[in-house]
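**Student:** Sequential numbering from 1 applies to the sequence shown in UniProt numbering.
The set of hints was computed from the structure by calculation and includes no laboratory data.
Ideal placement from N, C-alpha and C gives every residue a C-beta, glycine not left out.
Check each hint, because a few of them may be wrong.
Stated by the list, open to error - With a straight-line Cα cutoff of 20 Å, these simulated EDC-like cross-link-like pairs (lysine to aspartate or glutamate) come out: (1) Lys185 / Asp31; (2) Lys88 / Asp63; (3) Lys68 / Asp83; (4) Lys18 / Asp41; (5) Lys18 / Asp186; (6) Lys88 / Asp41; (7) Lys88 / Asp59; (8) Lys295 / Glu72; (9) Lys185 / Asp41; (10) Lys68 / Glu111; (11) Lys185 / Glu73; (12) Lys68 / Glu79; (13) Lys185 / Glu72; (14) Lys185 / Asp63; (15) Lys18 / Glu72; (16) Lys68 / Asp92; (17) Lys68 / Glu27.
Said to hold, decoys possible - Restraint ranges, calculated between C-beta atoms of paired labels, are given here: (18) Gly108 / Pro312: 14 to 22 Å; (19) Gly67 / Asn123: 57 to 65 Å; (20) Asn110 / Gly169: 13 to 21 Å; (21) Arg241 / Ser219: 15 to 23 Å; (22) Glu76 / Gly330: 38 to 46 Å; (23) Arg118 / Glu288: 37 to 45 Å; (24) Ser219 / Pro84: 21 to 29 Å; (25) Gly108 / Gly248: 29 to 37 Å; (26) Asp31 / Pro84: 36 to 44 Å; (27) Arg143 / Ser219: 39 to 47 Å.
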Amino acid sequence: MDLSSELARRILVCPDTKQSLRYQDGEFVTDDGQIRYPIVDGIPILLSRTLPSNFWVGDYARDQASGKISLEEMPEVSEVENDPRPIKAVRDLQSATSGYMYAHLESGLNEYPIPSIRLPPGNGKLLVDIGSNWGRWVVAAARSGYTVVGVDIHLHGLRAARRVCAQLGVDALLICGDARRLPLKDMTADTVFSYSVLQHFSREDFAMALTEIARILRSDGSVLVQMPNRLGVRNFYNRLRNRFREEGFNVRYYFPSELVRHGHRDFSRARTTIDGFFGLGIQPSDWEFFTPFGKMVCLASEGLRRVFHNVPGGVWLADSLYLHLELPRGHSANPQISTPRA
C-alpha cells in the first residue's frame, strides 16, 4: 500500500505522543515536526522511543533503520511480484511462525500456506493483524474482504510480507510497531486479530498489549487473539520439556479463566473458544502441506474441536484457544474517526 495513501494519513500516529503523522520526503513526521520516523524498504519504523524493547528484534530493527546493521539480503519487490515461487525468507520463517507441523516445509515450499481466518466476511472493514510477520494472516484477512494493517516488531518478517503481498496481489499497510504502544489512532480498527504472538509476551506486557488493543478498537469492534491453554496435553509436554520456564521468548500458558480475567480489565465482554488440540497453529486449511502423520493430527484436532465446541468446560481440554473480546471499556458510542472502506 502506498505510504502516502489516505488510509496511512488518517490512522498512523506517533506511538509516544499520539500526534498525527504526515508523509514527507521519504519519512513520517509528527505534526509539530519534532519527531521523524524512517522508512526502510517500504516499511515505516514506528517504534516507541521511550519504551524499551521486550525482544531483541525491536532493537535490531532500530539498528537497521539507523544503518548500524545491514539489511538481510532479499530480492527486490519488482523482481518477485510476477513470480509465484515462495521466497527463501518465508521458507526460513515458516516453521518458526507456524509450529512443529510445518517444520518440514523449510526444505521445500512450493506455495504459501495461507489459512482460512475464522472471522465473518470483512466487506472492507479495517483489520489490524498484530504480529503479522511474513504476512500469512494478512493475506488470509485480505482474501476475506478486509482492509488490512499488519503490525510487527520484526522488520525482516515485514520485508518478507511486503514481497508476499506483491506476489499475491494483496494491498496491505505494513508497519514496524510494538503491540504495547501501537502507532495507530484511537478507535480506528473494526477488528484486531493476533495469532501465536502475544503468548510470547510476559504477563505484564500481555496486559499492556490488551490495553492498547482496546484503545485502537472501535466501540462496536471485535478482537480475536489465539493463546495457549495451560492444561492442553501437548502444551503440558512442551512446558515439561522447557522445565516450566517463562522468560524471554518462551511461550506463556494460561488457564481459560485467566485469559477471560485479563480480557475483562479492558473489555466488557470476554470469552474463550477452542481453536485446536495437540498443538498450536494447526490449520485444517493447510491440509495439503501436512505430512501423513500431520494429517492424522489435524483430523483428530478438528474432530475434537467439533465434539467439544458446545460442551461446557470443553475449552479446558484444548491446547489452542481463541480469546474473543468486545465492548472496549471507556469508549464513547461514536468513533473519533471514520476509517475509509476499501
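**Student:** Now tell me if each hint is right for this structure.
**Tutor:** To see whether the hints hold, each was checked on the structure:
1. Lys185 / Asp31: 14 Å, holds
2. Lys88 / Asp63: 23 Å, violated
3. Lys68 / Asp83: Since the Cα atoms of Lys68 and Asp83 sit roughly 32 Å apart, the hinted pair is violated (cutoff 20 Å).
4. Lys18 / Asp41: 24 Å, violated
5. Lys18 / Asp186: 9 Å, holds
6. Lys88 / Asp41: Holds - the C-alpha atoms of Asp41 and Lys88 are around 17 Å apart, at most 20 Å.
7. Lys88 / Asp59: Distance ~24 Å between Lys88 and Asp59 Cα, so the pair is violated.
8. Lys295 / Glu72: 34 Å, violated
9. Lys185 / Asp41: At roughly 24 Å apart (the allowed maximum being 20 Å), Asp41 and Lys185 break the hint.
10. Lys68 / Glu111: With a Cα-Cα distance of about 34 Å, the restraint between Lys68 and Glu111 is violated, given a limit of 20 Å.
11. Lys185 / Glu73: Cα-Cα ~33 Å, so violated.
12. Lys68 / Glu79: Violated. Lys68 to Glu79 sits at ~26 Å, over the 20 Å cutoff.
13. Lys185 / Glu72: Violated, at roughly 31 Å.
14. Lys185 / Asp63: Violated, at about 26 Å.
15. Lys18 / Glu72: With a Cα-Cα distance of about 31 Å, the restraint between Lys18 and Glu72 is violated, given a limit of 20 Å.
16. Lys68 / Asp92: 24 Å, violated
17. Lys68 / Glu27: 18 Å, holds
18. Gly108 / Pro312: 14 to 22 Å: Taking Cβ atoms as reference, Gly108 and Pro312 lie about 43 Å apart, which means the hint is violated.
19. Gly67 / Asn123: 57 to 65 Å: Violated, at about 42 Å.
20. Asn110 / Gly169: 13 to 21 Å: 18 Å, holds
21. Arg241 / Ser219: 15 to 23 Å: Violated - the Cβ-Cβ distance for Arg241 and Ser219, about 43 Å, lies outside 15 to 23 Å.
22. Glu76 / Gly330: 38 to 46 Å: Holds, since Glu76 and Gly330 (Cβ atoms, about 45 Å apart) stay within the stated range.
23. Arg118 / Glu288: 37 to 45 Å: 19 Å, violated
24. Ser219 / Pro84: 21 to 29 Å: Given a distance of about 41 Å, which is not inside 21 to 29 Å, the answer is violated.
25. Gly108 / Gly248: 29 to 37 Å: 31 Å, holds
26. Asp31 / Pro84: 36 to 44 Å: Because 42 Å falls inside the window, the suggested range holds.
27. Arg143 / Ser219: 39 to 47 Å: 27 Å, violated
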